Amino acid sequence: AQTVTQSQPEMSVQEAETVTLSCTYDTSESDYYLFWYKQPPSRQMILVIRQEAYKQQNATENRFSVNFQKAAKSFSLKISDSQLGDAAMYFCAYRSTDAGGTSYGKLTFGQGTILTVHP
Amino acid sequence: GAGVSQSPSNKVTEKGKDVELRCDPISGHTALYWYRQSLGQGLEFLIYFQGNSAPDKSGLPSDRFSAERTGGSVSTLTIQRTQQEDSAVYLCASSLTPTYEQYFGPGTRLTVT
Numbered sequence: 011a012q013t014v015t016q017s018q019p020e021m022s023v024q025e026a027e028t029v030t031l032s033c034t035y036d037t038s039e040s041d042y043y044l045f046w047y048k049q050p051p052s053r054q055m056i057l058v059i060r061q062e063a064y065k066q067q068n069a070t071e072n073r074f075s076v077n078f079q080k081a082a083k084s085f086s087l088k089i090s091d092s093q094l095g096d097a098a099m100y101f102c103a104y105r106s107t108d109a110g111g112t113s114y115g116k117l118t119f120g121q122g123t124i125l126t127v128h129p
Numbered sequence: 004g005a006g007v008s009q010s011p012s013n014k015v016t017e018k019g020k021d022v023e024l025r026c027d028p029i030s031g032h033t034a035l036y037w038y039r040q041s042l043g044q045g046l047e048f049l050i051y052f053q054g055n056s057a058p059d060k061s062g063l064p065s066d067r068f069s070a071e072r073t074g075g076s077v078s079t080l081t082i083q084r085t086q087q088e089d090s091a092v093y094l095c096a097s098s099l100t101p102t103y104e105q106y107f108g109p110g111t112r113l114t115v116t
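From first to last, the protein sequence lines are chains H and L.
Residues 11 to 129 in my numbering are what the first sequence spells out, letter by letter.
Residues 4 to 116 in my numbering are what the second sequence spells out, letter by letter.
Certain hints may be false.
No more than 20 Å apart at the CA atoms, straight line, and that leaves these computed lysine to aspartate or glutamate pairs for EDC-like [claimed, not checked]: (1) H:K80 - H:E39; (2) H:K83 - H:E25; (3) L:K60 - H:D108; (4) H:K65 - L:E104; (5) L:K14 - L:E88; (6) H:K88 - H:E62.
If you are wondering where the hints come from, they were derived from the structure by calculation, not from laboratory data.
Quantities reported herein were computed from a predicted structural model and do not represent experimental measurements.
Generate the whole structure from the sequences, applying the supplied hints.
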């Protein structure tokens with residue numbers, strides 16, 4: 011079974027600064043997807059960014075980028091030019107691509123990191 | 004178009020009562036998922052429906068939990084004889100197919116007193 015670990019329960023950043031959230035995972039699969047989701051106090055989970063394991067290039071979405079280190083099984087999220095609206099709980103998640111496997115389709119989440127943005 | 008909707012938004016029930024939580028997925032999405040978010044267990048998978056295939060129930064914590072999806076659309080998660088440890092936020096998500104992004108609803112916060 012796959013596991014996802016976020017070792018930072020809480021992080022804080024000053025507005026306009028950069029912050030990096032860490033995530034490590036464990037899997038025996040060679041192909042999979044990794045995601046970062048944001049959950050503000052409204053509870054709505056919002057997809058921030060996704061990375062396909064077979065792609066070496068790190069994914070980028072505007073101010074959000076990842077550092078994907080497949081060999082190290084590490085998947086960190088960098089938020090540049092932080093904004094007050096970035097304050098939320100951030101979850102790292104794993105999804106298998108093995109259609110015949112028991113983990114297909116479902117997301118395995120890390121414990122989450124609460125991000126506070128100071129004005 | 005409308006996103007995933009869930010009802011009720013909040014539910015308070017007495018221990019031992021049965022509850023039903025509803026999820027309306029995005030129209031046309033064949034895959035539907037239920038997750039539970041609690042302080043002690045974090046975010047955990049409960050059950051997954053894909054088209055007309057038998058659901059993957061591997062995440063259901065006990066036989067008090069069941070779910071169905073009618074007509075390939077609306078899903079209902081039923082918890083029988085609720086216990087205090089069932090208190091959590093229950094999140095529903097849907098995706099076009101299992102290989103596409105999952106879109107989440109706002110969740111139902113269940114409180115068992």
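Against the structure, the hints:
1. H:K80 - H:E39: holds (11 Å)
2. H:K83 - H:E25: Violated, at roughly 30 Å.
3. L:K60 - H:D108: Between L:K60 and H:D108 the Cα gap is close to 18 Å, so the pair holds against 20 Å.
4. H:K65 - L:E104: holds (17 Å)
5. L:K14 - L:E88: holds (14 Å)
6. H:K88 - H:E62: Given pair H:K88, H:E62 holds - Cα atoms ~17 Å apart, limit 20 Å.
Violated hint: 2 only; the structure is consistent with all others.
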